[in-house]
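**Q** Just need the whole structure built from these sequences, with the hints factored in.
Numbering-wise (the working numbering), the sequence shown opens with residue 23 and increments by one.
What the hints contain is simulated information worked out from the structure, not anything from laboratory work. These numbers were taken from a predicted model, which means no experiment stands behind them. Please note: incorrect hints may appear among the correct ones.
Derived Cβ-Cβ restraints for the label pairs, each shown as a range [as the list claims (entries may be wrong)]:
| hint | residue 1 | residue 2 | range |
| --- | --- | --- | --- |
| 1 | 29 | 58 | 43 to 51 Å |
| 2 | 35 | 67 | 23 to 31 Å |
| 3 | 31 | 53 | 27 to 35 Å |
| 4 | 26 | 55 | 39 to 47 Å |
| 5 | 69 | 24 | 28 to 36 Å |
| 6 | 71 | 45 | 41 to 49 Å |
| 7 | 72 | 31 | 37 to 45 Å |
| 8 | 25 | 60 | 49 to 57 Å |
| 9 | 56 | 35 | 30 to 38 Å |
| 10 | 60 | 31 | 39 to 47 Å |
| 11 | 51 | 26 | 36 to 44 Å |
| 12 | 34 | 65 | 19 to 27 Å |
Ideal Cβ positions, reconstructed from N, Cα and C, are used throughout, including at glycine.
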Amino acid sequence: MTSSPARIFGLRTILVLVFAFLYIPIAVLVALSFNQGGLPTVWSGFSLKWYA
23 MTSSPARIFG LRTILVLVFA FLYIPIAVLV ALSFNQGGLP TVWSGFSLKW
73 YA
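**A** Structure representation (C-alpha cells):
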C-alpha cells in the first residue's frame with residue numbers, strides 16, 4: 023500500500039509541529055538561564071552566575 027504525497031506531507035507537518043511544541047520551550051529555558059537578572063521577563067545581560 024502506498025501513501026499519497028498529501029498524506030506524507032500532512033504527517034510530516036504534524037511531526038514537525040509536535041517536535042516544535044516539545045523543544046521550543048526547552049530552548050527558551052536554556053536561553054533565559056543565562057540571564058543576569060532574577061526575573062526571566064526582563065533581559066539584564068549575559069551571565070553565568072546561576073551556574074556557579
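**Q** Any hints from earlier that this structure breaks? Give me their numbers in increasing order, please.
**A** Violated: hints 2, 5, 6 and 12.
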